[in-house]
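A.B. asks: Sequence:
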Amino acid sequence: ARMGQATAMPGDIVLGARGGIIFIPPHLAEEVVVSSENVRLRDVFGHQSLREGKYNSGEIDMQWSPQIEEDFENWKRERGE
Numbered sequence: 015a016r017m018g019q020a021t022a023m024p025g026d027i028v029l030g031a032r033g034g035i036i037f038i039p040p041h042l043a044e045e046v047v048v049s050s051e052n053v054r055l056r057d058v059f060g061h062q063s064l065r066e067g068k069y070n071s072g073e074i075d076m077q078w079s080p081q082i083e084e085d086f087e088n089w090k091r092e093r094g095e
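Position one of the sequence shown corresponds to residue 15 (the numbering used here), numbered consecutively onward.
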């Protein structure tokens with residue numbers, strides 16, 4: 015079925031957000047969930063690091079340095095993620 019410029023197929027997973035909706039083929043669903051959870055965790059870590067003054071916005075808003083990546087992985091382990 016067509017919805018605007020998108021095509022939805024039987025079995026597709028529908029993900030809705032403020033910006034609109036997307037249709038995810040079932041074989042990609044797990045990858046999308048894992049990837050989006052990683053993005054969410056990176057956002058939480060980034061905001062927390064800014065609030066704590068550990069890193070500045072220039073460091074968080076760009077590609078992370080190996081040190082920030084290491085801190086992020088340690089942070090996830092401490093949280094049981």
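FYI, nobody ran anything at the bench for these hints, they're computed from the structure. Among the hints, erroneous ones may be present.
Said to hold, decoys possible - So the derived label-pair ranges between C-beta atoms look like this: (1) I27 - R91: 28 to 34 Å; (2) E84 - T21: 39 to 45 Å; (3) D85 - G18: 40 to 46 Å; (4) A22 - G72: 39 to 45 Å.
This one's a predicted model, so the numbers in the text were calculated from it and none came from an experiment. Beta carbons: idealized from backbone N, C-alpha and C, even for Gly.
A.B. asks: State, for the Cβ atoms of D85 and G18, whether the hinted interval 40 to 46 Å holds or is violated.
C.D. replies: Holds - the Cβ-Cβ distance for D85 and G18, about 42 Å, lies within 40 to 46 Å.
A.B. asks: In this structure, is the beta-carbon distance linking I27 and R91 contained in 28 to 34 Å?
C.D. replies: Holds: the Cβ-Cβ distance is about 30 Å, inside 28 to 34 Å.
A.B. asks: Given a hint of 39 to 45 Å, does the C-beta separation of E84 and T21 actually sit inside it?
C.D. replies: 42 Å, holds
A.B. asks: Just to be sure I understand the hint, the distance between the Cβ atoms of A22 and G72 should be within 39 to 45 Å; is that true here?
C.D. replies: 41 Å, holds
This entry satisfies every hint, going by the numbered hints stated previously.
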